[in-house]
Amino acid sequence: MKKVLVADDRATGRELVRTVLENSGYEVFEASNGLEAVNQAHELFPDLIILDIHMPGLDGFAVIEQLRREEHFAATPIIALTASAMMGDRERAMAAGFTGYITKPIGLNALRAEVARLIR
Amino acid sequence: MPDERFRLLLEAAPDAILQVDEEGRIILMNRVTEQMFGYAREELMGQPIEVLIPEELRTAHVGHRAHYRTRPSTRAMGTGLTLQGLRKDRSRFPVEISLSPGSSQEGFHATAIIRDITERKLADDRFRAAQDRYTQKLAETNRELELRSREIERADRLKSEFLASMSHELRTPLHTIIGFSELLGEELEGPLNEKQKRFIQHIHNDSMHLLDLINDILDLSKIESGRLELRPEPFDLTAVVTESIASVRALAEAKSIALETLLDVPMAIEADRLRVKQVLVNLLSNAVKFTPEGGRVRVEAGIRGTFVALSVADTGVGISSEEHESIFDKFYQVGATTKGVREGTGLGLAITKRLVEQHGGSIHVESERNRGSRFTFTIPLRK
Chain A
4 MKKVLVADDR ATGRELVRTV LENSGYEVFE ASNGLEAVNQ AHELFPDLII LDIHMPGLDG
64 FAVIEQLRRE EHFAATPIIA LTASAMMGDR ERAMAAGFTG YITKPIGLNA LRAEVARLIR
Chain B
420 MPDERFRLLL EAAPDAILQV DEEGRIILMN RVTEQMFGYA REELMGQPIE VLIPEELRTA
480 HVGHRAHYRT RPSTRAMGTG LTLQGLRKDR SRFPVEISLS PGSSQEGFHA TAIIRDITER
540 KLADDRFRAA QDRYTQKLAE TNRELELRSR EIERADRLKS EFLASMSHEL RTPLHTIIGF
600 SELLGEELEG PLNEKQKRFI QHIHNDSMHL LDLINDILDL SKIESGRLEL RPEPFDLTAV
660 VTESIASVRA LAEAKSIALE TLLDVPMAIE ADRLRVKQVL VNLLSNAVKF TPEGGRVRVE
720 AGIRGTFVAL SVADTGVGIS SEEHESIFDK FYQVGATTKG VREGTGLGLA ITKRLVEQHG
780 GSIHVESERN RGSRFTFTIP LRK
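Listed in order, the protein sequences are those of chains A and B.
The opening position of the first sequence corresponds to residue 4 in our numbering, with each subsequent residue numbered one higher.
The opening position of the second sequence corresponds to residue 420 in our numbering, with each subsequent residue numbered one higher.
Extracted from the complex, chain A is given alone in its bound form:
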């Protein structure tokens, strides 16, 4: 079973993504902040990571910067999840090394499609 790590500081946000992805047949793990996300990633070596950009402490950008420095996570698909609707945010995320970008509120099918596209 493919492993997906979801990092979001809001429990409801994590549960939503977890439910959708479990229904699609993935094994889902949760992290409630950036530091947890980094630790979980090292423990689980997930096949895909979904990172909320906006988290207290280590935010999504800080997490991906740390992970991408390690050879093991160089090619891991990592999706940015953000509630910000500012122009240029997507470009910024892609430049930081994210492989996918989803804005909140998510369309469930958009989430399913993006995960399916990136996980192999």
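Quick caveat, the hints were computed from the structure, so don't treat them as lab data.
You may find that some hints are simply not true.
Stated by the list, open to error - Some, not all, of what chain B presents toward chain A, calculated at C-beta under 7 angstroms:
hint : residue
1    : Ala549
2    : His587
3    : Arg590
4    : Leu593
5    : His594
6    : Thr595
7    : Ile597
8    : Ser600
9    : Glu601
10   : Leu607
The C-beta atom is built at its ideal place from N, Cα and C for all residues, glycine as well.
Use these hints to put chain B onto chain A, whose structure you have.
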């Protein structure tokens, strides 16, 4: 000229008039001269003209006089200098002097017309002082304005940051409301009865409506505070029309509304592609929304001088002429919407109008009740 008339002429002048001979001795003077310098006629007649100027200038004046004798002409004396007269009581006053040469049987003489400019100097000084005060005041005002504009900039930046974070904060809970209602509606967690399904649909619809409102308010506040920056780029308008139509196709098909386009040649224009598309999609979704089943919506585009004109025409409910202006106002909503269509925010046309105008174009509507509407907007071909 008879002596008497000559004398009257001399006395009628408001200035001091003096004549000096070759040696600079006063040989003629009028009464104004007496009053101006405080001497009696007898005291001055035959005296060197230098008695009327300050001591320290007398020697030089003798030289000037000799020079004038060699190059006599009618001219102002000491152009650009402040000349001073000396009264009998040793007081000084500013004067303006014009000179003219002459000659008679007695030989060369020079006439000096002397004007006391004390009043004018005072007025000048007062004027200059006022000017200085004014300049100073202006500088102060400028400093104040600069300060205030910096405050405004700061307030504007805070407002912008506030809006961005508010939009973020509002979208975060909406994200899960919309997501979970969609999830329940999919019935993967178990079947719902008809009523539950309908209620879930209401939650989902209203959440989406709230999302539209947040997006529109953010857009509008950006436009109104002048913070919406257009990003002009060259693009193919035909492609944007096609994409815009695609985004309303599902809605149109559900109501059996025919979507037509009549585009004049493929058009490349330079404008903000996303915003032009936003305008088109907005007009198109309005058109589909307000057109009954089996109707028709048509997009036309053509060149008008240095502009491209795009119009979206429908066979819908139309807009009465009294409403032609107010439909572009914020939160104005045309009464009857057709059934089964997502509620609008009342901000779409207000945003549309501002986006068009920020591009340097204009928008207007032609419509009659029950005769359909045609919205036409123009965008400059080049930015």
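Exercise for the section: Using 7 angstroms as the Cβ threshold, decide whether Ser600/B counts as touching chain A. Expected result: 10 angstroms, violated
Handout entry: Restraint satisfaction for Leu593/B [CB to CB of chain A, less than 7 angstroms]
Key = 5 angstroms, holds
Practice task
Under 7 angstroms, Cβ to Cβ, is where Thr595/B needs to be relative to chain A, so tell me if that hint holds or is violated.
Solution key: Thr595/B check passes; min Cβ-Cβ to chain A is 4 angstroms, inside 7 angstroms.
Handout entry: When the least beta-carbon distance from His594/B to chain A is tested against 7 angstroms, hint result
Key = Status holds, d = 4 angstroms.
Handout entry: Interface hint compliance - Glu601/B to chain A, C-beta minimum distance less than 7 angstroms
Key = Where the cut-off is 7 angstroms and the nearest Cβ of chain A is about 5 angstroms from Glu601/B, the hint holds.
Handout entry: Minimum beta-carbon distance criterion (7 angstroms), Ile597/B to chain A
Key = Holds, about 4 angstroms.
Practice task
Tell me if Ala549/B is really an interface residue toward chain A, meaning its C-beta lies closer than 7 angstroms to one of theirs.
Solution key: Because about 53 angstroms separates Ala549/B from the closest Cβ in chain A, which is outside the 7 angstroms limit, the hint is violated.
Exercise for the section: Using 7 angstroms as the Cβ threshold, decide whether Arg590/B counts as touching chain A. Expected result: Given a least distance of 4 angstroms, the restraint on Arg590/B holds.
Problem - Given hint Leu607/B near chain A, where the shortest CB pair must fall under 7 angstroms - result: Cβ of Leu607/B sits 5 angstroms from chain A, so the hint holds.
Handout entry: Status of the hint placing His587/B at chain A (closest C-beta pair under 7 angstroms)
Key = At about 5 angstroms, which falls below the 7 angstroms cut-off, the nearest Cβ of chain A leaves the hint on His587/B intact, so it holds.
Of the numbered hints given earlier, the model fails hints 1 and 8; all others are met.
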